[in-house]
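Visitor: Residue-level listing of the chains:
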Amino acid sequence: MKQMILVLGIAVSVVACSKDDNSGTSAVVETITVRDVPADTIIGITPGAPPTGGFPYGAGRYTFYSLETNKIVPASDSASNKWDLAFKGTTIATNSGNSGPGGAGAFVFVGLFNDLKTIPADSSFRIDNAPSAFAITTGSNRGWYVYDGINQLVTPIPGRVLVVRTASGKYAKVEILNYYKGGTTPATTASDAIKLTTQRYYTFRYSFQPNGTKTF
Amino acid sequence: MKKWILLSTVSSFLFSTLFGQQQDTLLGNGAITVFTATKTERVLSNIAVPVQIISQKNIQQAGSLRLSDILSEQTGLFMTNGFGTGVSMQGLNPDYTLILIDGEPLIGRTSGVLDLKRITVGNIKQIEIVRGPSSSLYGSEAMAGVINIITDKSRKNTLGISARYGTYNTADLSLKGSIRTNKINYQGFGNFYRTDGFSIRPNSRERSVAPIERFTQQHNLGYRLSERTNLSLNFRHNSETIKNNITVINNGNSINSIGVEKNEDLNVTLQLAHKLNEQVKNTTRLYGTQFHSSQELTSDNGVPYLDVFKQQFARIENQTDIHLNKQLEFNIGGGYIHETANSTRYDNSTSIKTNRIGYVYLQSEWKALNKLTFVGGARYDHNELFAAAFSPKLAAQYKLNKNISLKASIGRGFKAPDFRQLYLNFTNTAAGSYSVFGSVEAQKIINELNRIGQISSLEPSFYQLSNLQPEFSTGFNLGASYQNEQWLITANIFRNNIENLIDSRLVAYKTGGAQIFSYLNVKNAFTQGIETDIKYQYNQKWGLSAGYQFLLTGDQAEINAINEGKVFTRDQNGFSRKMSQSEYVGLPNRSKHMANIKLQYDHQQFFANARALYRSRWATTDTDGNGIFNTNDAFAKGYIQLNMAAGKSFTNGVAVQAGIDNLLNYTDVLNLPNLPGRTFYLSVSYNFLNKNPK
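Which chain is which? The protein sequence lines are A and B, in order.
Everything in the first sequence is counted per my numbering, starting at 1 for the first residue and increasing by one.
Everything in the second sequence is counted per my numbering, starting at 1001 for the first residue and increasing by one.
Keep in mind that the hints were calculated from the coordinates and are not lab data.
Ideal Cβ placement from N, Cα and C applies to all residues, glycine included.
Misleading hints may appear alongside valid ones.
One side only, chain B facing chain A, incomplete, derived with CB under 7 Å [claimed, not checked]:
1) Asn1539
2) Phe1568
3) Arg1570
4) Gly1574
5) Ser1576
6) Ser1580
7) Glu1583
8) Gly1625
9) Asn1626
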């Protein structure tokens, strides 16, 4: 079902999706869960010992994603309006500011995904000013995740919703569920090798409102 | 006629007369005197605050070697791992329990932890544990309580030797002797301890307890100047060498490092006690102590690393005890402390940091009625480096009848910011190049880095950096005890409100993304619970004791956030949901339930005991990412540890003892790295004098 094809460091993947119809709520839009979106997965470790070496690294490439079409967008289309979010490690870029030509924007909402039924009118969408200020704040315990330096694990903070204006000016809400392959964070006791090779795979769920309103 | 078992354990010897006051743990209670609770000699049953005594006999029969061994078997105390073995009392961190030897504080804490393994129990007469804030007498650090180690002061000439050998080539050798004349008395004690250490992690060169060698010597010289004047000089020296092989596997290549850690303690006390008359006694104490620690790390490749820390503490204190009449007693004291530290982890290792503290204290004991006693006191500490601290305390005891006694106390405790929190200047190049700066340094350094363009962002916490304040606690203790010929039952309810807790916070990012941390007074916390102990002497031979502590901890700000629906966790689908109050577990590393039970047989120079310790599960890691410990996080499993010992002493001065610790072979590599599996030991001792165990 889940197949990963890595071509020249550009991840093009067939992403498995599941759709649930949000039964029990009055939502008019569907919620889609996207699994295992690779985000510049680790391809090696810099030679040498710390502090200069010994650090894992990827190919340095973003994976571009379209919430509108629910698909990974090839990197060759990075200078287009075809993508909304781009993932590289823990950094999530939006198609806005100096990240892309689109009219996207985003902010992090504190609360529950299902409780965010309408984006408040006075919300202010931020745009990217890479590398210092992304619309979705980077860094541990500042945006969507917390990094446990002792166990070297990244955990999405519960109760954080990425409120996204897409490249074409429509609205979506995204909840990052997991950062590891298969949607399961390794145990704190897992080996470094497991933590390294399974990280940088996003599992998230989202709702996209195609009619341009701010209501889900 | 009472027959006493002369036994020697571990690192010490037991001489018959030493236990003259403790002929029966239950019946003799009235005779045991305690110093720590009131800074004056008091009969245990007359003390208004929760006090626990561990006798020399208990220490020896448990087969303890280091202070942490015996404390880990006491109700409500548990040993913490990391930066040595510390003790947590009433649910507070090891930072907040003051450790004294013969009334004088031990220094040399690492990250707030005083390593209790530095202290041998071979020459301890009794350990006094006072629970609840005691800063009204002792000043800083006495927030959770005070543990005072009273060393042996023999009443006759003695000379003894003891040796013990056990698993992991753990050996302990002690020599102890004393001389008494009309005017002069001398006690000497020497101890050597070594162990290979062990690794409970398979196929690892690194040992969770590294090979250690320790030498301790203590000398006490007393001179009776007159009927009313005594002079004493106490000297203690402890040195330890810890060797460790560390292997870091990096991209398939293993890098071996050899670490050598050396710690040295030196303590000297000169005391002059003078009885002016039957009502007034004056004591002057001069105390100096030094702690020196060095860690050297040499790797296969790379430059050697040296870490040095040196701390010195000098104090002069004078106390006057005035026994006004049968109802009223006053203790008035004051002192001056000069404390210095220097370290390679400060701005430069030759820069000596200094703090000076002047203090006064007053305590009054008022026997209001025959059955009712009040003790009130307060202490004022004036610090050069940070705000002054005022620590009052009030306690009352009501003796309902000869069996039942009620106690209540309320007190305030504080802990001064330590040198690390003020002056640390440390960058860890091995792990992400993060930096930690003490509060005095942080603003200065970050502003300078900012000026030269090396700071990418300042966090909100940066703007909150200010002079650190002492941490404060208010402790409430309410207890009752019942005692008769066979039973002793005590229960104590406690609550500690802790304010101004100092914690490290991210204050800035460097341009490369490296994090900078500093210390701020940011948190509040509480601990509350109940401690109970039951002792039952079935007959002359058999006895049973049991203890239990129920503990709840938390942070009121966290509880409020949960109640306001601002805290989230995840459901089984990984979707966020609100966390409920019932899922909250409070502070990590705390067990809600801790219990111990001990069965003891003691008859005709033979004893045997079995001791079981239980600790329920405790939270270890915040795995759901919400920053609050709850039932969805990672826990260490609850466990039972079973220890057994037996010993026999003979009329020719020889005593033997054997024991098994951790009989059930319980281990937890991750959460209890210092707990070896099952271990065995055998010890032999010989008394050159006073061979007959009475």
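Visitor: Taking the hints in turn, state whether each one holds.
Guide: These are the hints, each one checked on the structure:
no.	hint	verdict
1	Asn1539	violated (50 Å)
2	Phe1568	holds (3 Å)
3	Arg1570	holds (5 Å)
4	Gly1574	holds (4 Å)
5	Ser1576	holds (4 Å)
6	Ser1580	violated (13 Å)
7	Glu1583	violated (12 Å)
8	Gly1625	holds (3 Å)
9	Asn1626	holds (5 Å)
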